[in-house]
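K.L.:
Letter by letter, the chains look like this.
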Amino acid sequence: MNINSKQLQAYLLLLPAFVFLVGFTHYPALATIFDSLMSTPRAGRAPVFVGLENYQVMIEDPVFWKSVTNNLWFALATIPLSMGIAIFMALWVNDKIAGRSFLRMSYFLPTVLPMIAVANIWIFFYTPDYGLINQALQLFGLKSQNFLGNPDLALASVTVVAIWKEAGFFMIFYLAALQTLSPSYREAAQIEGASKWYFFWKIQWPLLMPTTIFVLVNALINAFRMVDHIFVMTNGGPNNASSLLLFYLYEVGFKFWDRGYASALTMVLLAILAIVGLLQFFLLDKRTHYR
Amino acid sequence: MTARAYTAKPASSLTEAGWLGTLGAWVLAIAWILPLLYALWAAFHPAEYATTFSWSAPLTLDNFVAAWHAAPFPRYFLNTIILVTGILAIQLFLCTLAAYAFARYEFAGSNVLFSLMLVQLMVMPEILIVRNYQTLSSLGLVDTLFGIGLPYFASAFAIFLLRQTFKTVPKELVEAAQMEGASTLQILRHVYIPLAKPTYLAFSLVSVSHHWNNFLWPLVVSNSVESRPLTVGLQVFSSADQGIDWSIITAATLMTSAPLLIGFLIFQKQFVQSFMRAGIK
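Heads up: the protein sequence lines correspond to chains P and L, in order.
Here UniProt numbering is used: the first residue of the first sequence is 1, the next is one more, and so on.
Here UniProt numbering is used: the first residue of the second sequence is 1, the next is one more, and so on.
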């Protein structure tokens, strides 16, 4: 077989997958740039070029800014907390511990269940007066709270659900990394009489760094695309108190049918993902993870 | 405290969780499965016990029967099963071919194409819903199961995982097959694919659970019972409430998650390992 037909064969093998990759990832990403500079087509009126008008609307839109700040708080809380809890979970189930397989299952279970389904159960937990959390609060003589109906508590309440959903997922990556660490580190530390914390901070934690960066990138992406529970639990409310960027994008695009503005909002999400991508590029040794 | 623990059991101090660790781990585990425990309680007891807990509460399956009849769940189940298996079958086929090309061919632009493929790991189709919806409507595929599945047919994750696996296949095996006159596709079929079985299983579990749970994109694309998957159906069902009936909602919730729940309990080890394999890379 000569070189050229071998090359041709490779391209033919790639072609079907790339039709879909280009059609639903690259083309729409590029087309969104163009769409965001156009007006929204209305009955009988084709879209016209409006320049940066959609972005102008965005800058003046208080709901956009609310969604951005909400999303930043959401990210700021979910990322460190879910990662921190994940490390504890992984360290625990990596040790000899009573009921290890039950613990592993409990931690990981939320990851496999549909968010849309488990959010229903969380609504009950948060229900005023007779909800589980409020029953517990009342047991300690505390006042019942309307977690999802109170603008001060709604965002925090949906954040807790996201942490619950994510921690077990990240645990798996940490557990995988811990299990690949050479046992000789542990033996050496044992001989030196190192404490558990010393061993963790001086040996395990630095060795887990590539995993931490990998998980961090995933956590960042998820912080900007995890919205399913918002649909069930708060619908972005009350008064946009729990609206996140992707949720707002959905509302603008599919409730108000404002395609031009929705495209501008998509550009914001794409810009965030591009930043995450660059971060990954500079932080991560590409060889260890993608080669 | 730690020092004393050493003198008592020097050999195991770093591998055994102390009592504090054990306690913490258990408290967290119980907090983590509490939502599921509650759902089981409310779904299997009469409505009057849904929010109060009593050991004497009688068990019942009525809530499941009521939920099953309250919405077209049989149709939603069918839709989800068709969707999940259809997506998986097409993904496995397309991604095997692409992964093979990336793993064992040298061609101009392979690095560029590989990087372009990896973009999908970050920019998932749901971020681009507005434009992808337009594509779908210009193809006339809105409100069809095929339309819901279409953007997911090529999975960067699958291509990546399979490529890694194919790269570990020993060259000697391939050369032996070539000596016997096997064509490239025969080698793929008879050497690479059988050796990559664990990867196929791992990816299948990830794909099935992801698409069983997927919500936003199916919500946008489907607007009739004929194309609605379970997640969207459940949302329509639980938000159109006539006063919240927790028993029926939890029963519907458990029904929706049951196949995954059961699958998880059966395949627990493979499930965890498949995610772990994805993590190690």
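Do not rely on the hints blindly, as some may be mistaken.
Partial selection, computed: residues in chain P whose CB lies under 7 Å from chain L [claimed, not checked]:
no.: 1; residue: A17
no.: 2; residue: K96
no.: 3; residue: I121
no.: 4; residue: P183
no.: 5; residue: Y185
no.: 6; residue: K202
no.: 7; residue: P206
no.: 8; residue: I221
no.: 9; residue: D228
no.: 10; residue: I272
no.: 11; residue: L273
It should be emphasised that the hints constitute simulated quantities derived from the structure, not laboratory data.
Built from N, CA and C at the ideal position, the CB exists for glycine as well.
K.L.:
Each of the hints needs a verdict: does it hold here or not?
P.N.:
Okay, the hints, checked on the actual structure:
Residue-level restraint check for A17(P) holds (minimum Cβ-Cβ distance to chain L is 4 Å; threshold 7 Å). Restraint check, K96(P) versus chain L: the minimum CB separation of about 5 Å is within 7 Å; hint holds. With 7 Å as the threshold, the beta carbon of I121(P) comes within range of chain L, its nearest partner Cβ sitting at about 4 Å, so the hint holds. Taking 7 Å as the C-beta cut-off, the interface hint given for P183(P) is violated, the closest approach to chain L being about 9 Å.
A cut of 7 Å between beta carbons decides the hint on Y185(P): the least distance to chain L is about 10 Å, and the hint is violated. Taken as an interface hint, K202(P) does not check out: its beta carbon lies about 12 Å from the nearest beta carbon of chain L, beyond 7 Å. Annotation: P206(P) was flagged as interfacial toward chain L, and the flag is violated, the nearest CB pair being 16 Å apart, outside 7 Å. Among the interface hints, the one on I221(P) holds; its C-beta lies about 6 Å from the nearest C-beta in chain L, closer than the 7 Å criterion.
Given hint, D228(P) at the interface with chain L, holds; its Cβ is 5 Å from that chain's nearest Cβ, closer than 7 Å. A distance limit of 7 Å between C-beta atoms decides the matter here; for I272(P) the minimum to chain L is near 10 Å, and the interface restraint is violated. Against a cut-off of 7 Å between C-beta atoms, the interface hint on L273(P) holds, since the closest Cβ of chain L lies about 5 Å away.
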